[in-house]
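*Asks:* Chains as they are written, first to last, in full-length UniProt numbering: chain Y, 1 to 144; chain C, 1 to 109.
Hint data in this document are derived by calculation from the structure and do not stem from the laboratory. Being a predicted model, the structure only gives us computed values, none of them experimental. Idealized CB from N, CA, C, for every residue including glycine. Incorrect hints may appear among the rest.
A few chain Y residues facing chain C, derived, Cβ under 7 Å [unchecked claim]:
hint	residue
1	F10
2	V11
3	P13
4	N15
5	F17
6	S25
7	Q33
8	A45
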Amino acid sequence: MTYGIIRKDFVIPANDFTIAGEASSCVKKMLIQLGVDPQKVKKTAISMYEAEINAVIHANGGIAEVEIDRNKILIRIKDDGPGIPDLELAMQEGYTTAPDSIREMGFGAGMGLPNMRRYADKLEIRTEVGKGTIVEITVFLTDN
Amino acid sequence: MKVREFAEQLNMEILTGQKGLEKDVMGMYICDLLSWVMSHASKGDAWITVHTHVNIVAVALLVDIPCIIIPEGIVVEEATLNKASEEDIAILRTSKTAYQIAYEAGKLL
């Protein structure tokens with residue numbers, strides 16, 4: 001594992017499911033190349049993918065900023081979407097506001113945020129209605 | 001068992017490139033909720049789904065799923081097949097139902 005800090009930004013395009021998931025796939029490949037423990041790679045990839053898909057479904061895309069250092073992987077997904085009016089409700093498994101067209105694709109089952117909470121070591125969400133949402137996912141690489 | 005042999009034994013059509021056929025199939029998972037698949041499928045599982053859009057490839061990649069099985073002869077989008085070939089994920093298709101596929105796979109795996 002390298003001792004420097006690796007930073008990489010990705011654009012998450014609006015309403016484009018053909019590209020949705022590219023950023024998380026790319027980060028997964030980076031982490032494998034860096035020799036990160038497979039379990040931590042999986043945690044990072046799943047939680048980032050969920051956040052990425054949410055940005056596509058709900059917020060016309062956004063950006064993903066990824067920082068990797070020797071202690072942690074930090075993923076920040078920012079969007080200028082509608083924000084989440086009731087975050088506590090949105091965190092409940094099965095709660096969804098996704099339209100039928102999205103649900104028919106196998107998304108929008110109300111598992112995105114719960115999956116992020118399950119797989120991230122630390123999850124911080126800052127959201128403001130009408131302004132947007134910032135989701136910060138941290139996966140620790142060291143035990144302390 | 002390699003994807004190639006698995007596909008042959010179950011008489012499935014291989015819709016994608018050759019490179020994806022050399023991975024190992026170790027189990028099977030059947031589900032159409034993508035978030036559920038991501039959090040519950042295991043590395044090496046062959047995944048049966050009725051979805052055919054390109055994001056099934058992203059899900060397979062994230063979970064290290066070697067092959068996606070499309071049941072009941074469903075038509076798969078060209079973009080999905082191209083992406084899968086690019087990422088060495090095999091997409092297999094059969095006219096059988098998910099139950100029939102799983103029943104036969106259970107005797108092989």
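*Asks:* State for each hint whether it applies.
*Replies:* Against the structure, the hints:
no., hint, verdict
1, F10, "violated (14 Å)"
2, V11, "violated (16 Å)"
3, P13, "violated (13 Å)"
4, N15, "violated (13 Å)"
5, F17, "holds (6 Å)"
6, S25, "holds (5 Å)"
7, Q33, "violated (15 Å)"
8, A45, "holds (5 Å)"
Hint compliance for this structure: hints 1, 2, 3, 4, 7 are not met, and every other hint is.
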